[in-house]
Amino acid sequence: MREMIKLFVIVTLFSAISGGLLATVKSATQERIELQQLTYVKGPAITQILEGCTNNPIEDRFKLNHSGSSIDFFIGEFDGKRNTIAFENYGKGFGGNMGVMVAINTDTDQITGIGITTHSESPGIGSRAKTDPAFSRQFKGMSIDSAFRVKADGGDIDAISGATVTSRGVSGAVAEVVEIYKRLKNEILKNVQG
Amino acid sequence: MAKSVMQEFTKGLWAEIPPFRLVLGLCPTLAMTQSFAKGVGMGVAVTFVLVLSNALISMLRNVIPKKVRIACFIIVIATFVTIVELLMQAYAYPLFTQLGIFLPLIVVNCILLGRAEAFAAKNRVVPSLADGLGMGIGFTLSLSALAAFREVFGAGTLTFPFVEYSIQNVLGASFQPFTFLVEAPGAFMCLGLMLCVMNLLGKK
Numbered sequence: 001m002r003e004m005i006k007l008f009v010i011v012t013l014f015s016a017i018s019g020g021l022l023a024t025v026k027s028a029t030q031e032r033i034e035l036q037q038l039t040y041v042k043g044p045a046i047t048q049i050l051e052g053c054t055n056n057p058i059e060d061r062f063k064l065n066h067s068g069s070s071i072d073f074f075i076g077e078f079d080g081k082r083n084t085i086a087f088e089n090y091g092k093g094f095g096g097n098m099g100v101m102v103a104i105n106t107d108t109d110q111i112t113g114i115g116i117t118t119h120s121e122s123p124g125i126g127s128r129a130k131t132d133p134a135f136s137r138q139f140k141g142m143s144i145d146s147a148f149r150v151k152a153d154g155g156d157i158d159a160i161s162g163a164t165v166t167s168r169g170v171s172g173a174v175a176e177v178v179e180i181y182k183r184l185k186n187e188i189l190k191n192v193q194g
Numbered sequence: 001m002a003k004s005v006m007q008e009f010t011k012g013l014w015a016e017i018p019p020f021r022l023v024l025g026l027c028p029t030l031a032m033t034q035s036f037a038k039g040v041g042m043g044v045a046v047t048f049v050l051v052l053s054n055a056l057i058s059m060l061r062n063v064i065p066k067k068v069r070i071a072c073f074i075i076v077i078a079t080f081v082t083i084v085e086l087l088m089q090a091y092a093y094p095l096f097t098q099l100g101i102f103l104p105l106i107v108v109n110c111i112l113l114g115r116a117e118a119f120a121a122k123n124r125v126v127p128s129l130a131d132g133l134g135m136g137i138g139f140t141l142s143l144s145a146l147a148a149f150r151e152v153f154g155a156g157t158l159t160f161p162f163v164e165y166s167i168q169n170v171l172g173a174s175f176q177p178f179t180f181l182v183e184a185p186g187a188f189m190c191l192g193l194m195l196c197v198m199n200l201l202g203k204k
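Protein sequences, first through last, are from chains U and H. For reference, each letter of the first sequence is one residue, going 1 to 194 in the numbering used here. For reference, each letter of the second sequence is one residue, going 1 to 204 in the numbering used here.
Calculated directly from the structure, the hints in this document are not laboratory data. Misleading hints may appear alongside valid ones.
[Unchecked claim] As a list, the in silico BS3-like pairs of lysine-lysine whose alpha-carbon atoms are at most 30 Å apart:
#1 LYS3(H) / LYS6(U)
#2 LYS6(U) / LYS66(H)
#3 LYS3(H) / LYS66(H)
#4 LYS122(H) / LYS6(U)
Using the sequences plus the hints, can you model the full thing?
This is the structure we're talking about:
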């Protein structure tokens, strides 16, 4: 019995020390890991839709809460004016969630570009939402009051042929982004200027 | 009987080089050698864990009770693997995404538990460190050689780890890559050929 207790105590001690050590390393690297993820996962889409901006949108970011979750907003500066913000939302695709990054000009309330960050759509079919610029280009310049639906559903978006579910998912995500933008606009403007 | 520290170090480089001589740790050897960058990255991660876990297990060899030694070894190894995972995520994110699931799977890599059980648990700290370092470097060399061979002939490119740089068309633009080599069956074939060559060389 005494030996059992000894074994138990030693293994427990090992696990406890290990847990403490890992917690320390985790909290020490957390900030950097977050930055790395933003740079490598969302970075390409952000630089694509905020092309030509004169700042680093990944450094100029702020968080706002929306219905229980916090969203990262990335600021784009054009001609010395901080007038564009980009943020991500998830849409339901054919193979799961797709991350859609949308940039909106806060002066004109127009969409300046969309880009797909992560997806698991079928290669060569749904994946064209990310790789085919003809699809994402349609959103450019649309006012936030437009109907973000594919043509089959009575909207203005030409779906990718063979990938209606993906196209619907992207359009739906953009529509939600616009809703969030309208609701949070005052807070966004405050953060962008300050 | 006691071998010098130098001997403990060098045995991992040729006489007992993993995975070819020990034939342990074949899973990452097969899966992570499609590109030079992956091979080296995997090797470096394993070396880091192997050196630290060998040293710590050797230090604690009189504290760890015989009956629960495997559990204790696994806790030590898992801790270091998680640290590597976090560090790689923070400082080498592209490599982290390439290694994917095989990075956390280092925990169950036989080389680590094998060295802990066969060497570190019975020897003093300095020889254990030398053993870990030798085995780690041996493993890295094996993986790099296998990966370089597979990538150069299978894809015609050579990618380097940590710096995002790769040479295109190593063998000239007219070279038609033998893509079989970068696929899974090619891994088995290359490993088999490598073992064959090692045995031929070793016989003399």
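TODO: Take the C-alpha atoms of LYS3(H) and LYS6(U), compute the straight-line distance between them, and say whether it is at most 30 Å.
DONE: violated, 35 Å
TODO: Would you check the hint for LYS122(H) and LYS6(U), treating anything up to 30 Å between C-alpha atoms as holding?
DONE: The given pair, whose Cα atoms are some 21 Å apart, holds under the 30 Å limit.
TODO: Could you grab the alpha-carbon distance between LYS3(H) and LYS66(H) and see if it respects the 30 Å cut-off?
DONE: Holds, because 25 Å separates the two Cα atoms, which is no more than 30 Å.
Open item on the list: Between the alpha carbons of LYS6(U) and LYS66(H), is the straight-line distance 30 Å or under?
Closed with: holds, 12 Å
In terms of the numbered hints stated before, the structure departs from hint 1 and from no other.
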